[in-house]
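Respectively, the protein sequence lines represent chains A and B.
Going by the numbering used here, the first residue of the first sequence is number 1, and it counts up by one from there.
Going by the numbering used here, the first residue of the second sequence is number 1001, and it counts up by one from there.
Simulated from the structure, these hints should not be mistaken for lab results.
Source: prediction; values computed, not measured.
Mixed in with the good hints, there may be bad ones.
[Unchecked claim] Stretch by stretch, here's where chain B covers chain A in the computed footprint (C-beta under 8 Å, at least three residues):
no.: 1; segment: 22-32
no.: 2; segment: 132-140
no.: 3; segment: 148-159
The C-beta atom is built at its ideal place from N, Cα and C for all residues, glycine as well.
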Amino acid sequence: MKILTLFGITGRLQTQVDQMRPKLYRLAYSWCHNSALADDLVQETLIKALKNESQLRDPALMKSWLFSILANCLRDHFRKSREMDDIDELEDFLYASETTPEDELSQAQIILRVRSAVAKLPVGQRQVLTLVDLEELSYIEVAEVLGVPIGTVMSRLCRARIAMKSLLRELEPIKTIQINKLRSVK
Amino acid sequence: MEHTNLSDEHINSFIDNQLDSNEKISVLNVISQDEKLREKICEIYAHKEMLKHAYENVIENVNTDYKVKRQGVNSIRAMAAALILFFGGTSGWLVHNWKDLPIGNGTTPELAGIQHIEGNSETRKVIVQIANSDPMHLNAVLDETEGLLDGYKRINRPIQVEVIANNRGLDLLRTDVTTYSKRIASMQEKYPNLNFLVCGQTLAKLRNSGTNVQLLPHTLIAKSATDQIHKRIQQGWGYVRI
């Protein structure tokens, strides 16, 4: 069954929704860095979307609507996993393992560096950064997706970019320093 | 990190195309006179591109390292309760009066909530999803399902149940991994109205990754867990996730 039939929306949007699953998965993965959890979150998102299809009044807003459900699913997941006060401050090293799931696949070093850096950001900053840079959402859309004021989006983005700069430097491979051997001089 | 008169927020807004044309022009004027700012903006652009590159080839994959903190059986039940979704549009799926149902030993209120209206002999239909391989969850899904089937059997009410496994939940139905093969065979024999299914997508991913997956006898393969759950919900089935 095509996912579209779930939403009871017209055929014109069928392609749009079919295309959303990979996007949702990519976003979920960038938030949790865990393939199985990302898959789980995407499935939960689609099921919740079905349940609440009437909430989507304008099909043009489907993308941000689904992202918003995904963000809620992640929030619910964290709430079940542990008690927390502020998602912005949460650094979930639980999922940001030192070796990412893709390590074994010998991905390019730069990919690992960037993913590791993103994984070390607090969840709130990570979400804003990926929604802006990866999904190219406007600040207003990000604010709606995450249910936070636009000022919070901008401040989280600032902090995320400053942190990324520093993390990417920290994660740079250590270059071997050429030390010229000194000759003993008599 | 302030540059000239531009805040970091303002610089980001410029980079992310959030400014109107007049604001952009004023930022461009500042940039043209500030070399350090130009370097900084270039660096942020580079990081943006690196981020896109880092995730552009992310594809769905089954990760064998999936670990989630577990907090005991009570949390499973709480989670199941929280995740129970009732669909179908008929009042037969209402939660009330679950205590009236003569449920089986293993049945918790989560699944017992799925019950009938007095005097309604329509077949009740439930799809139960298991998406992880935590032994407590695997036990719970079998206990709950068996309890539900047993309860309906004892009151002679018709019920149809599907258990669908995806992600790590597939371990439940893998011949080489499961420790529940005898119990599942026994349940299948005892309850002809019970079917076990696996998610076709998860299965394909595992097989594509070189894993030799063998399923227990009589296990059905759905196109995907999501599709199957959606289909059943559309058909008026109740949905429970454990």
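Verification of the hints:
no. : hint    : verdict
1   : 22-32   : holds (count 5)
2   : 132-140 : holds (count 5)
3   : 148-159 : holds (count 4)
Going through the hint list in order, the structure satisfies each hint without exception.
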